[in-house]
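What follows is the residue order along each chain.
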Amino acid sequence: MPFIPLEEHLPGITGLLEYRKDTAAPIRELTQILLRGPSSLTEGERELIATLVSYRNECTFCTTAHTAAANVLLGEETTSAMLKQDINSAPVSEKLKALLNIAAQVQQSGKNVTADLIQNAKEKGATDLEIHDTVLIAALFCLYNRYVDGLSTVTPTDPAFYNGLGERLKANGYNRLPQGYDHLKNKP
Amino acid sequence: MAHIKVEVGVPGIRSLVMFRPETGKPLYELAQVLLRGPSTLSPAERELIAAYVSFRNNCGFCMNSHAAAARCLYGDEKSIVDDVLADMQQSGVSPKIKALLNIAGKVQVLGKEVHEEDIALARKYAATDREIHDTVLIAAAFSMFNRYVDGLASWTPDDPAAYAEMGQRMADKGYVIPKP
Numbered sequence: 062m063p064f065i066p067l068e069e070h071l072p073g074i075t076g077l078l079e080y081r082k083d084t085a086a087p088i089r090e091l092t093q094i095l096l097r098g099p100s101s102l103t104e105g106e107r108e109l110i111a112t113l114v115s116y117r118n119e120c121t122f123c124t125t126a127h128t129a130a131a132n133v134l135l136g137e138e139t140t141s142a143m144l145k146q147d148i149n150s151a152p153v154s155e156k157l158k159a160l161l162n163i164a165a166q167v168q169q170s171g172k173n174v175t176a177d178l179i180q181n182a183k184e185k186g187a188t189d190l191e192i193h194d195t196v197l198i199a200a201l202f203c204l205y206n207r208y209v210d211g212l213s214t215v216t217p218t219d220p221a222f223y224n225g226l227g228e229r230l231k232a233n234g235y236n237r238l239p240q241g242y243d244h245l246k247n248k249p
Numbered sequence: 496m497a498h499i500k501v502e503v504g505v506p507g508i509r510s511l512v513m514f515r516p517e518t519g520k521p522l523y524e525l526a527q528v529l530l531r532g533p534s535t536l537s538p539a540e541r542e543l544i545a546a547y548v549s550f551r552n553n554c555g556f557c558m559n560s561h562a563a564a565a566r567c568l569y570g571d572e573k574s575i576v577d578d579v580l581a582d583m584q585q586s587g588v589s590p591k592i593k594a595l596l597n598i599a600g601k602v603q604v605l606g607k608e609v610h611e612e613d614i615a616l617a618r619k620y621a622a623t624d625r626e627i628h629d630t631v632l633i634a635a636a637f638s639m640f641n642r643y644v645d646g647l648a649s650w651t652p653d654d655p656a657a658y659a660e661m662g663q664r665m666a667d668k669g670y671v672i673p674k675p
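Those sequence lines, one after another, are chains A and B.
Basically this note's numbering = 1-based index in the first sequence + 61.
Basically this note's numbering = 1-based index in the second sequence + 495.
The following block holds chain A by itself, in its conformation from the complex:
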């Protein structure tokens, strides 16, 4: 049960974003730019950063949703699964590994990001913008994960829910749907 009254047909973050739309607007805009805007990191790579941080923040809703989005975008399920067990053994580029190691420290505390971690990312070819966006994506998911769990939103248990959500995040990104969310009522 959520701690505040939220629309029953909108579990997880969606109910919160509909509860207060004036705070939701900049959060959605920021997410859309960071995860879907022009970038030298692919959408799949950026979803992997979101997945890793959500997993380490123990936020089941966000972890499952962004795992689904990453899997749809990457066209496979192995990378997201391996990443959660061990970043360095995941089948991703050396540059992305270096960025994921930065994101993992941001999840703990901003102060944990050392000059060595940054140097390593730069040596693997990461640009200042990629480092900036990695830190901000990781920080943004520290917001989302706390927002979702801190108000005890509902976490669906049916995998079909997340598959549908993953497809929606691929097709529509993070902008509010123009028609709102009433069409999701009475859906299983």
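Be careful, since some hints might not be right.
[What the hints assert, rightly or not] In silico DSS-like cross-links for lysine-lysine, where the CA-CA straight-line distance does not exceed 25 Å:
hint	chain 1	residue 1	chain 2	residue 2
1	A	K231	A	K82
2	B	K500	A	K158
3	A	K185	B	K500
4	B	K607	A	K172
[As the list claims (entries may be wrong)] Output of the computed footprint for chain B on chain A, the stretches with three or more beta carbons under 8 Å from beta carbons of chain B:
hint	stretch
5	77-87
6	92-104
7	111-123
8	176-189
9	211-219
[Claimed, not checked] Pulled a few chain B residues facing chain A out of the computed Cβ check, cut under 7 Å:
hint	residue
10	L525
11	V528
12	H628
13	V631
14	S638
15	N641
16	R642
17	D645
Simulated from the structure, these hints should not be mistaken for laboratory data.
Note that CB positions come from ideal geometry on N, CA and C, so glycine has one too.
Could you slot chain B onto chain A? The hints should help.
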């Protein structure tokens, strides 16, 4: 020195939003609506939550600047800010704000740390759903801002006068994105 090439001499988040104005715009809009938008919590109380979370995250830039803003906004009662940062539970802040700060402190650790009894305590002192929502979101937002500012090692001035000036600007003008 910052981890990425930002303008020298520009402190904290200001240097970061000048580096990437596209993401800076919604970040400043979020701060403005959360800390200055319509709410039954005063801007001073909301800045206090921001300062408290930043203090717990050990983010010197955010803690000093939001504490300075809160002192300006509290005016004659500005000592409340330093009392809360010294020992929140023993401070003279109202029971409702104390209960909301307790929730914010839990959110700072992890979302899952907020329990039914924390919410019940806030309700006992007449906190509304919307106040509970806003407290959680402010605490979550500063869990982001603090990591952004420190994760890129942006410049944190040492001079207390720099923060007094920032706090005054934040109290007077709110969150206006600096132009590159």
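Which constraints among the numbered hints does this structure fail? Numbers only, ascending. none
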